[in-house]
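Peer 1: Each chain is listed here by its residues.
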Amino acid sequence: MPIEKSDLLQGTLDMLILKIVELGPVHGYGISQRIRQISKEVLQVQQGSLYPALHRLEKRGWLAAEWGESDNGRQAKFYKLSAKGRKQLATEESNWHRLAGAVGHILQTAE
Amino acid sequence: MFGWKSLFRKRALDAQLDTELRFHIDKLTSDNIAGGMAPDEARRQAILEFGGREQVMEDLRDVHRVSIIETSLANLKSAFRFIRKSPSFSMTVILTLALGIGANSAVFSALDAILLRPLPFPDGDHLMRLSQYNTRVKSAQTFVAPASSLGTLVGGSFGQRFLLRVIRWDGRALRSRSIFAALISRSADTRATCCARRGKIYGVSDCDDPLLNWNR
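As given, the protein sequences belong to chains A and B, one line each in that order. Position 78, counted from 1, in the first sequence is what the numbering used here calls 83; the numbers after and before it change by one each time, with no gaps. Position 65, counted from 1, in the second sequence is what the numbering used here calls 1261; the numbers after and before it change by one each time, with no gaps.
Read the hints as simulated data drawn from the structure, not as lab findings. Everything numeric in this text was worked out from a predicted model, so none of it was measured. Do not take every clue at face value.
Unchecked claim - In silico EDC-like pairs for lysine to aspartate or glutamate, Cα to Cα no more than 16 Å straight-line:
no.: 1; chain 1: B; residue 1: Lys1206; chain 2: B; residue 2: Glu1245
no.: 2; chain 1: A; residue 1: Lys64; chain 2: B; residue 2: Asp1258
no.: 3; chain 1: A; residue 1: Lys89; chain 2: A; residue 2: Glu63
no.: 4; chain 1: A; residue 1: Lys64; chain 2: B; residue 2: Asp1308
no.: 5; chain 1: A; residue 1: Lys64; chain 2: B; residue 2: Asp1255
Said to hold, decoys possible - Which chain A residues face chain B? A few, computed with CB under 10 Å, are given here:
no.: 6; residue: Gly33
no.: 7; residue: Gln38
no.: 8; residue: Gln52
no.: 9; residue: His60
no.: 10; residue: Arg79
Unchecked claim - Computed beta-carbon distance windows for the label pairs:
no.: 11; chain 1: A; residue 1: Gly78; chain 2: B; residue 2: Lys1273; range: 40 to 48 Å
no.: 12; chain 1: A; residue 1: Lys64; chain 2: B; residue 2: Ile1229; range: 33 to 41 Å
no.: 13; chain 1: B; residue 1: Asn1271; chain 2: A; residue 2: Ser75; range: 33 to 41 Å
no.: 14; chain 1: A; residue 1: Gly106; chain 2: B; residue 2: Ile1279; range: 47 to 55 Å
no.: 15; chain 1: A; residue 1: Gln42; chain 2: B; residue 2: Gly1232; range: 18 to 26 Å
no.: 16; chain 1: A; residue 1: Lys92; chain 2: B; residue 2: Arg1280; range: 13 to 21 Å
no.: 17; chain 1: B; residue 1: Ala1211; chain 2: A; residue 2: Lys64; range: 16 to 24 Å
no.: 18; chain 1: A; residue 1: Arg103; chain 2: B; residue 2: Ala1208; range: 41 to 49 Å
no.: 19; chain 1: A; residue 1: Ser99; chain 2: B; residue 2: Met1253; range: 34 to 42 Å
no.: 20; chain 1: A; residue 1: Leu104; chain 2: B; residue 2: Met1253; range: 28 to 36 Å
no.: 21; chain 1: B; residue 1: Arg1277; chain 2: A; residue 2: Glu27; range: 33 to 41 Å
no.: 22; chain 1: B; residue 1: Asp1214; chain 2: A; residue 2: Thr96; range: 51 to 59 Å
For each residue, glycine too, the CB sits at the ideal point set by N, CA and C.
For reference, chain A alone in the conformation it holds in the complex (with noise of 0.2 Å):
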């Protein structure tokens, strides 16, 4: 039986990208494997919505991206966490982690 795909908050999918990327060097579709795969197929991120995020996120500087070959010898465009793309993570993991608590808060007390 497939397993619902959840929707993703907005604005939560640039704090994955930079979670995922700060692994290291990864590809977009790396990282659209890598989000499935480690949300255990409940998250599924659209191409759609996955590479323009990725070019927002490297206009702004929190990515790096350079050209490189991928495992198969494609010419492949590679992101990495540039500093700044760190302390913007480390941000947004902070304000994550208050929201989910806040809202887990609420959820307990309600039951």
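Chain B: place on chain A using the hints.
Peer 2: Just chain B now, with coordinates in the frame of chain A:
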């Protein structure tokens, strides 16, 4: 930097975007083949999964287009900051530009009206300007008046000699020469005929009286 790139290297940008997206679709295809699909079906599925590629391309172009606006805004901001920081220098530049542009457009509109735009009636290049000098007065005085009123201006007597300055356009340059002329009444037909032997009669259509060139 991004703005200039996408402005001047739109093609290069498109090629880059295309390569990036094509790589993704090819990876999906090879994954599908590894999963046991036939190559054709694998590619079809990959394209299906990827969705509207042109739409993605357009979205990506949008991301880069926005940056043009942002760079222009940033340039504008720094321009205003510079103007505020050194007002005297900026004023000099602005005044120089304003005067330069103003003078240029003034000269151009004059040239345009005189040389480039034909006059709104036929045979514009045969047009003459006549200025009238009264030779009796020491200081040459210009009368601007229709020839019909010349008689009164030069003292009321027909046949009075006066200096005419004729300026005409001969197709290449403005030529000016002075001639002595006399005003005769149209009614003095005999005299006009007689004097015309010594000169030339300029008939001015909207004047009652023709002008006669006296000593040409």
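Peer 1: Next step is simple, just say for each hint if it's right about the structure.
Peer 2: For each hint, the structure was consulted:
no. : hint                               : result
1   : Lys1206(B) - Glu1245(B)            : violated (27 Å)
2   : Lys64(A) - Asp1258(B)              : holds (12 Å)
3   : Lys89(A) - Glu63(A)                : holds (11 Å)
4   : Lys64(A) - Asp1308(B)              : violated (49 Å)
5   : Lys64(A) - Asp1255(B)              : holds (14 Å)
6   : Gly33                              : holds (6 Å)
7   : Gln38                              : holds (8 Å)
8   : Gln52                              : holds (5 Å)
9   : His60                              : holds (4 Å)
10  : Arg79                              : holds (6 Å)
11  : Gly78(A) - Lys1273(B): 40 to 48 Å  : holds (46 Å)
12  : Lys64(A) - Ile1229(B): 33 to 41 Å  : holds (35 Å)
13  : Asn1271(B) - Ser75(A): 33 to 41 Å  : holds (38 Å)
14  : Gly106(A) - Ile1279(B): 47 to 55 Å : holds (50 Å)
15  : Gln42(A) - Gly1232(B): 18 to 26 Å  : holds (19 Å)
16  : Lys92(A) - Arg1280(B): 13 to 21 Å  : violated (32 Å)
17  : Ala1211(B) - Lys64(A): 16 to 24 Å  : holds (18 Å)
18  : Arg103(A) - Ala1208(B): 41 to 49 Å : holds (43 Å)
19  : Ser99(A) - Met1253(B): 34 to 42 Å  : holds (36 Å)
20  : Leu104(A) - Met1253(B): 28 to 36 Å : holds (34 Å)
21  : Arg1277(B) - Glu27(A): 33 to 41 Å  : holds (36 Å)
22  : Asp1214(B) - Thr96(A): 51 to 59 Å  : violated (34 Å)
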